[in-house]
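Protein chains: 4
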Amino acid sequence: MCTALSLNTRYHYFGRTLDIDRSYGEEVCILPRSFPIIFSEAGELKRHSAIIGMASVANGTPLFYDAVNEHGLAMAGLNFPENAVYFSSEGKKTGVASYELIAWVLCHCKTTEEAKKHLSDVVVTNARAHAELPPTPLHWMVSDERESIVVEQTADGLGIYENAVGVLTNAPAFPSQLENLYRYKALSNAKDGAVGLPGDSSSSSRFVRAAFGRRYSICEGDEISSVGQFFHLMSSVEVANGLCKADGEDWHKTVYTSCISTSQGRYYYTTYGNRRISCVDMHKTDLDSQKLTRFPISNEQSVRYIN
Amino acid sequence: MCTALSLNTRYHYFGRTLDIDRSYGEEVCILPRSFPIIFSEAGELKRHSAIIGMASVANGTPLFYDAVNEHGLAMAGLNFPENAVYFSSEGKKTGVASYELIAWVLCHCKTTEEAKKHLSDVVVTNARAHAELPPTPLHWMVSDERESIVVEQTADGLGIYENAVGVLTNAPAFPSQLENLYRYKALSNAKDGAVGLPGDSSSSSRFVRAAFGRRYSICEGDEISSVGQFFHLMSSVEVANGLCKADGEDWHKTVYTSCISTSQGRYYYTTYGNRRISCVDMHKTDLDSQKLTRFPISNEQSVRYIN
Amino acid sequence: MCTALSLNTRYHYFGRTLDIDRSYGEEVCILPRSFPIIFSEAGELKRHSAIIGMASVANGTPLFYDAVNEHGLAMAGLNFPENAVYFSSEGKKTGVASYELIAWVLCHCKTTEEAKKHLSDVVVTNARAHAELPPTPLHWMVSDERESIVVEQTADGLGIYENAVGVLTNAPAFPSQLENLYRYKALSNAKDGAVGLPGDSSSSSRFVRAAFGRRYSICEGDEISSVGQFFHLMSSVEVANGLCKADGEDWHKTVYTSCISTSQGRYYYTTYGNRRISCVDMHKTDLDSQKLTRFPISNEQSVRYIN
Amino acid sequence: MCTALSLNTRYHYFGRTLDIDRSYGEEVCILPRSFPIIFSEAGELKRHSAIIGMASVANGTPLFYDAVNEHGLAMAGLNFPENAVYFSSEGKKTGVASYELIAWVLCHCKTTEEAKKHLSDVVVTNARAHAELPPTPLHWMVSDERESIVVEQTADGLGIYENAVGVLTNAPAFPSQLENLYRYKALSNAKDGAVGLPGDSSSSSRFVRAAFGRRYSICEGDEISSVGQFFHLMSSVEVANGLCKADGEDWHKTVYTSCISTSQGRYYYTTYGNRRISCVDMHKTDLDSQKLTRFPISNEQSVRYIN
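Chains as they are written, first to last, in the working numbering: chain Y, 660 to 966; chain P, 660 to 966; chain L, 660 to 966; chain F, 660 to 966.
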């Protein structure tokens, strides 16, 4: 369970919640232009766009959950169980493994428009980052300041959809989510005008709630107000511990929430344990280096004790 | 619009959102035992329990929105439009003005049990704090670690209700809210078990959502985890700017959210502009002084810049 | 479980569903002007308005569920569990037993306006029709072509409420139902404008659904079209067998639905077993007689076999 | 707007509502085995299964809305706007026009199993019954006593789906409807267990409501009880006049509701104007004739006047 959101105020902001029953050692990573990346089929890439994002690092390589490159193109992968299907490339198309698709797109493309072109020739494969990591069923939202798209590969093949509502959650497939959202088009921000808005944590309900919030959101256009508003909108789709059972014995909860200022290369985030916003700025590191910079995320509540 | 919540983990926590279209210069105030209070009908009280809470200060006296006393008794006043009716005391009962009811209860009572007794002889009057401050229509939740009650004065007189669900929002009256809540009793935290939970910002819907969250909440029992969980639960009832029109040209939004650790006398809060939790501890001031201590609240986002 | 509805087209129509887990031998009864009625406290009434309605007949006297008198004043009693409280009259007020309140009002009053006056001096008592018939907890809707009222006696005493929405179901009390209904005021008959309308069989949901239907209903003004439309509106609140469990081993279902043409004295009804509309006309009997006329209702499906 | 339902009690019943803003002269038609049918591409069929169903008759040929053949295979076409796409057959597949698909399937197949095989080679074309009749965007439910399928042709081609829930309404596509339905799986027939069931007339909401009703329906197994229960279930998805605006100046309403006893060849129906059930029995005509038998439907309320 996850929710992604793309929001334009004066600038463009992009982020997501990660709703899951455990943490996988996520870190904010800055991948500079000369960090060598070896793709599963496409081979080594020695020079590319710089990227900042949340990732698990496996064998020294970041597997991104959500990220932005230095050109302001952002992308997030969200759980898509019982729908995502990965194929073999069979040599005809460009095979990109699910775990490396974000890096692949952000290394090669500067805009959503470019991403659409590059992705049209891609097949998402089920190659593994390493032996013990079976691929997770995912779909993706790609956004720049102009537009968003959704990328889903199902049994029918790879689909690329325009996403005018700027939201993505989980299953069902994006076209179904839009159809369902459309039913709520009579809701408004008038007094009692939103009665009928669903309040549960299912994927469909979070989709409708996030799209409703994005549609009526009002805030000052400066970065701090925009980032604050972004986290307010995400509050309505975050999952509190205990309220939503996972398949096993545990509960889904919102492990972290991110908000990327795509034009500034700043990665803001909060965690379940720490409401305070943290910020990592990609431009405060040397983007021409060859070395990954890693910032482990803190889950400790940072309270401001006034007296 | 507001939502109040009473939550027991290892200790007891009590707090509220204030959802309104403007701020009234709220401050966290510590009112020590010898700060003289002049009640509108009951006259001056020279010695009483110490109190910490959020208040507007008028003529040097705090008008509390929500507060706790040193014995762990907490109380909050919430908007109750078109329902609250204030009367003249006519000398038969103890007349307490709506603006001073929180101070009056917290000065005199140590437990909810005591509050019930004291309130049974009270009539809430429409006296004004000063000439330009017409009384606001309010009702109240009073909680200690054992139980919660709701206090409402309507055209039918003063009602005192047991509140086993530990939640209060706005109109309609509390018995009606309970009846409505009862309809949702089949909802659960199973997968898709909460489908049907209302997601809008109306008073009834926030009541149901807060009660659902409180019922299924799970967290560690230590203070920091409990406070963190309290704010997570409140996230689902907070109001983001733009999503809910007020009567005039403006929008309701959650100006602040509080969480009081009632046994420790610590007042935690966040504001619309600053997600980071601030904390004021009543026991870090001299509770035997005569002087009000005031801590203006900050609305500036406190971001932790990591690099 | 039951739903009552008052509808004005060119004339006035009034009716109800009876949703229950068994039948009690209901019959359409015409009570003529000189049929002697012995009220539990008020004694014998030898001459009064003629009445037609659905009733159980106990010891030769009809106990009405819903009925109209020859002046067009209609009234129905609906289940009101956990809310209705019956008192002793203690000689100060006019004591009328719950089972005889419909007959008492329709014998004495010609309009809703008159009913309000008569009822203002009444206390509803828990006298029994006979020993084995403990009183059922009820509340009532009274309507003429101009207005509707609701009559509820709770622990707070007898309440008489204006009912501008022309609907009554069961608990909670009528003021609470109105408050809940008010939340749905943004719904409309536009495409997707009714998304958010509740679809279950709870008392609150049937109230909202019936009020929504009544608000947007359109039909020709002649009697047959009006009666047909009345039954269409009632379809949305009828309860199909199996869909709603009663307290015991059985299911609630809509045993019968009535629609009274109040100005014409015609009683139309359908039953769970027979969708075809039956009609009994009070003016086709001698209304000056002393004898009750009884028309047992049929539950056998009257199919029109065309070939 | 329409809803189709397949229900098994002791026997199998199949039917639908037709929700539309006008009537098109529907008639119950019995098409005997030797009535010659000329298909748009497949040519003339001289001998085939006998069929009974609701149809518009154009140039002497019935265009079926819903029907059953003498083997108990039933089929209905429902509006599927903005989704249905009809193609040219281009000689590779069997081209069947949308208006003739019901007749084509019921003439050739005895079971749903057979229908699946026949349909796998079909392309639905946009040929017209005659010049002034542009094809309506439709999808279909096909049912026998063992199973139901849905047939939809979209831009992706012809899809044939198993339909275990026995319901079809309108857009979105059937897989999306199932996904949406699945969200409501925690609802039940316990007291208040259905809170969350949607009550509006949108296609998605009618789908959920009909599936809920079908799941919990209980009735005696004889034909009259089963047919009665079928119409009770349909009541919850019928559309009353005025409550749901069509695109133009008029309102959708349920023009007719059918219930076919598939094993007996009896076609039961009600109309908006006449609640009484009418019945046409195919076995009361000579099924070996060459002549179409037509029974115009009546919209006049058939009231049973008792006195």
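Among the hints, a few may not be true.
The list makes no distinction among identical chains, and a pair is therefore deemed to hold if it is satisfied within one copy or across any two copies.
[Claimed, not checked] In silico DSBU-like pairs for lysine-lysine, Cα to Cα no more than 35 Å straight-line:
hint : residue 1 : residue 2
1    : K904      : K844
2    : K776      : K943
3    : K776      : K844
4    : K904      : K943
5    : K904      : K850
6    : K705      : K850
7    : K752      : K904
8    : K751      : K776
9    : K850      : K943
10   : K751      : K844
11   : K751      : K775
12   : K844      : K943
13   : K844      : K950
14   : K751      : K950
15   : K904      : K751
16   : K705      : K751
17   : K850      : K751
18   : K904      : K769
19   : K904      : K705
The hints are simulated quantities; they were obtained by calculation from the structure and are not laboratory data.
What you are looking at is a predicted structure, and each value in this text was computed from that prediction instead of being measured.
Hint by hint, here is what the structure shows:
1. In this homomeric assembly, K904 and K844 come within 35 Å of each other (Cα to Cα) both inside a single copy, at 30 Å, and across copies, at 15 Å.
2. Taking CA atoms no more than 35 Å apart as the test, K776 paired with K943 passes inside one copy only; the shortest distance there is 31 Å, against 62 Å between copies.
3. Taking identical chains as interchangeable, the C-alpha atoms of K776 and K844 lie at most 35 Å apart only when both belong to the same chain, with a minimum of 32 Å there against 40 Å between chains.
4. Proximity of K904 and K943 under a CA criterion of 35 Å is satisfied in neither setting, with 40 Å inside one chain copy and 41 Å between copies.
5. In this homomeric assembly, K904 and K850 come within 35 Å of each other (Cα to Cα) both inside a single copy, at 33 Å, and across copies, at 6 Å.
6. Taking the shortest Cα distances, K705 and K850 never come within 35 Å of each other, neither inside one copy (56 Å) nor across copies (45 Å).
7. When the C-alpha separation of K752 and K904 is checked against a cutoff of 35 Å, the pair qualifies neither within a copy, at 40 Å, nor between copies, at 49 Å.
8. In the homo-oligomer, the alpha carbons of K751 and K776 lie at most 35 Å apart both inside one protomer (16 Å) and across protomers (33 Å), since each shortest distance falls under that limit.
9. Taking CA atoms no more than 35 Å apart as the test, K850 paired with K943 passes in neither setting, with 46 Å inside one copy and 43 Å between copies.
10. Taking the closest pair of Cα atoms, K751 and K844 never come within 35 Å of each other, the shortest separation being 42 Å inside a single copy and 42 Å across copies.
11. Proximity of K751 to K775 under the C-alpha cut-off of 35 Å is found in both arrangements, the shortest distances being 18 Å within a copy and 34 Å between copies.
12. Taking identical chains as interchangeable, the C-alpha atoms of K844 and K943 are never at most 35 Å apart, the minima being 43 Å within one chain and 51 Å between chains.
13. Neither within a single protomer nor between protomers do K844 and K950 lie at most 35 Å apart by alpha-carbon distance, with minima of 48 Å and 50 Å respectively.
14. Proximity of K751 and K950 under a CA criterion of 35 Å is satisfied intra-copy only: 34 Å inside one chain copy versus 59 Å between copies.
15. Proximity of K904 and K751 under a CA criterion of 35 Å is satisfied in neither setting, with 42 Å inside one chain copy and 51 Å between copies.
16. For the homomeric pair K705 and K751, the shortest alpha-carbon distance inside one copy (24 Å) is at most 35 Å, but the shortest distance between copies (51 Å) is not.
17. In the homo-oligomer, the alpha carbons of K850 and K751 never lie at most 35 Å apart, since the shortest distance is 56 Å inside one protomer and 40 Å across protomers.
18. When the C-alpha separation of K904 and K769 is checked against a cutoff of 35 Å, the pair qualifies neither within a copy, at 39 Å, nor between copies, at 39 Å.
19. Taking the closest pair of Cα atoms, K904 and K705 never come within 35 Å of each other, the shortest separation being 44 Å inside a single copy and 53 Å across copies.
Taken one by one, the earlier hints fail for this structure at numbers 4, 6, 7, 9, 10, 12, 13, 15, 17, 18 and 19, listed in ascending order.
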